[in-house]
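When we follow our numbering, the leftmost residue of the sequence shown carries the number 1, and every step to the right adds one.
Read the hints as simulated data drawn from the structure, not as lab findings.
Take the hints with a grain of salt, since some may be wrong.
Pairs of lysine-lysine residues, derived as DSBU-like cross-links and limited to a Cα-Cα distance of at most 30 angstroms, are as follows [to be verified]: (1) Lys8 / Lys105; (2) Lys74 / Lys24; (3) Lys8 / Lys73; (4) Lys102 / Lys67; (5) Lys73 / Lys102; (6) Lys13 / Lys67; (7) Lys48 / Lys24; (8) Lys79 / Lys105; (9) Lys105 / Lys13; (10) Lys8 / Lys49; (11) Lys24 / Lys102; (12) Lys74 / Lys99.
Per label pair, the in silico range of CB-to-CB distance [stated by the list, open to error]: (13) Leu103 / Ala3: 24 to 32 angstroms; (14) Asp108 / Asp43: 26 to 34 angstroms; (15) Asn21 / Asp109: 18 to 26 angstroms; (16) Val116 / Glu29: 21 to 29 angstroms; (17) Glu29 / Asp112: 31 to 39 angstroms; (18) Ala115 / Ala63: 27 to 35 angstroms; (19) Glu93 / Asp43: 12 to 20 angstroms; (20) Gln32 / Lys8: 30 to 38 angstroms.
A virtual CB, placed ideally from N, CA and C, is assigned to each residue, including glycine.
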Amino acid sequence: MSAFHRLKLSTSKQVTVVTFNDSKIIDEEEIQELGQELYDLVDREGLKKIVLNFGNVEFLSSAALGKLISFEKKVRTSKADLILTNIRPEIYEVFAITKLTKLFKIKDDEADALAVL
1 MSAFHRLKLS TSKQVTVVTF NDSKIIDEEE IQELGQELYD LVDREGLKKI VLNFGNVEFL
61 SSAALGKLIS FEKKVRTSKA DLILTNIRPE IYEVFAITKL TKLFKIKDDE ADALAVL
């Protein structure tokens, strides 16, 4: 498995749970690194069931949202499953306003996400 700096991975029943190490995802360089690490989950690691746990994330920039959208497309192209969990209400509001709640599968917590994968 590759070394990840922006992400922490754990596995539960064929599902990889990905937790963000950064609470604020706003720096352009960090977002690029984060994007590459997300892509590596699919391209290098060949993961097919991924839960992105946003429990540590307090703030996401619009550039970070763009990376998530690109990652979702990559996941879909790879015929993998992706679920987002533990999104704070203020971040969820941005997802709702931008209609990203229609693009992403979102569950309240990790247990709910693991139950459907």
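Cβ-Cβ distance between Glu29 and Asp112: within 31 to 39 angstroms? holds, 33 angstroms
Using the C-beta atoms of Asn21 and Asp109, is the stated range 18 to 26 angstroms upheld? holds, 19 angstroms
Holds or violated: Lys13 to Lys67, with C-alpha atoms at most 30 angstroms apart: holds, 27 angstroms
Starting from Lys8, check that the Cα of Lys49 is at most 30 angstroms away, please. Given that 30 angstroms is the threshold and the Cα spacing comes to 15 angstroms, the pair holds.
Has the given pair, Lys8 with Lys105, been kept, meaning a C-alpha gap of at most 30 angstroms? holds, 20 angstroms
Lys79 and Lys105: Cα distance at most 30 angstroms? holds, 14 angstroms
For Lys102 and Lys67, compute the direct alpha-carbon distance and say whether it is at most 30 angstroms. The hint holds at about 17 angstroms.
Taking 30 to 38 angstroms as the stated bounds, is the beta-carbon spacing between Gln32 and Lys8 within them? Violated: the Cβ-Cβ distance is about 19 angstroms, outside 30 to 38 angstroms.
Agreement of Lys74 and Lys99 with the hint, judged by alpha carbon distance not exceeding 30 angstroms: holds, 19 angstroms
Does Lys105 pair with Lys13 here, judged by a C-alpha cut-off of 30 angstroms? Distance ~19 angstroms between Lys105 and Lys13 Cα, so the pair holds.
Okay, Leu103 versus Ala3 on CB: inside 24 to 32 angstroms? holds, 29 angstroms
Holds or violated: Lys24 to Lys102, with C-alpha atoms at most 30 angstroms apart: holds, 24 angstroms
Of the hints listed earlier, those the structure fails to meet are numbers 16, 19 and 20, in rising order.
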